[in-house]
Amino acid sequence: MFDGRDPLYVQIADQIRADVLSGALKEHEQVMSTTQYATTFRINPATAAKAFTELVDEGVLYKQRGIGMFVAPGAREQLLTEKRAAFFAKVVDPVAAQAKVLGIPVEDVIEHLRNGGPR
Amino acid sequence: MSGFGVHVRDLTVRFDATTALDAVSFDIRPGVITGLLGRNGSGKTTALSVLAAFLRKTSGTVLVDGDEPWENARTMGATTLVRESGDMTPERPIAESLRMLADRRETFDTDLAEKLLDTFELERTSRPYRLSRGKKSSFGIVVGIASRSPLTLLDEVHLGMDAPARYAFYDALLADWLEHPRTIVLSSHLINEVERLLEDVIVLHRGSVLTQSNADALRSSGMTVTGPSDAVEAFVVGRDVVARQRLGGTAQATVVGTLPDDEQNARLGGLELGPVPLQDLFVHLTERRPTEVAR
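Chains G and D, in that order, give the protein sequences. Take the first sequence: its letters are residues -2 to 116, numbered as in the working numbering. Take the second sequence: its letters are residues -16 to 278, numbered as in the working numbering.
Hints are all accurate, no fakes.
Ranges between beta-carbon positions, derived for each pair:
| # | chain 1 | residue 1 | chain 2 | residue 2 | range |
| --- | --- | --- | --- | --- | --- |
| 1 | D | His(-10) | G | Ala83 | 41 to 49 angstroms |
| 2 | G | Gly20 | D | Ser191 | 46 to 54 angstroms |
| 3 | G | Gln95 | D | Ser191 | 38 to 46 angstroms |
In short, the hints are calculated from the structure, not lab data. These numbers were taken from a predicted model, which means no experiment stands behind them. C-beta: ideal position from N, C-alpha, C; glycine also.
Start from the sequences, fold in the hints, and give me the full structure.
Here is the structure:
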């Protein structure tokens, strides 16, 4: 866990975003506190706090003073919208680039997807 | 109290003919956990000893919470330096040493010390000189954490400790820092174990500061580039390459520094970008650059 190329705080934020997207974290559900996160994963508390601050600023989480942080209503929808917008740039373009390198015509890729993709 | 800050400019320390520190400058932010990294003999212990006023500087400016630490009762009383095996009298029973510390140090927490003795399974009647290396280190850690000093300097404190004891140390340090934030400087050669605990990093090398940075920023400044040799070479032109490996037509280069278009350019060249653990980055930065092998 957390051994990617991005800064640690980005990876922590991504992990929570992924949990919200997958539904593992539901709206208004409490997330781990910075303290719990830092001690559970042995991570510098300031680094963990930076991830949570970013998520609060983005509107994915909201803070309730003295109680903790919770998943914001509509957070999943918001993340879905963002992810969908980035889908072509981040997911499709690399596939197209790779297909080009390998000499696979775009039509073949489309055909593959039409036939049900990986399954 | 969020801890003491440290400001060092052009610090030089000489022992007879040897220059241990050569005009080094760095800052330690108050209330932050900072890693002091460096190979053996890089000057880590010398730097920490000057901050704790165990050692007198030859020249330069050293400020601990705004004041020169040498013969300064205020900063010395608020600074705890724990070296490898601790600095307590080896023949004195542990409990007695801790009682003396409690008298001398305003911030010392006896309850916490008791709790930590249990955590590390230390007998109160034990005398450090009879303890194993790992247990001696554990005792040093009890002293370092329970002192709760505004400036806590832990110099290779977990030497000889087994993995469960080291993890207990990391947990105790984080838990107590969260409740009582203070300035902690951790020097260690177990970089892969401690890197996530650190907010800032200072790398010393041969008596000089090689780099000073936010730990997260330093870690993500390095990357590996893997793919067809020609494409890798094209990608790294003009960049700071610290290591190269080649296997047939495939090459891997480790570079320091990232550019905004890296992801896209890597994709276009059919290259894969990977992370560089801080430990590897440190090894690359502090070893002699390999000379290019002629083909």
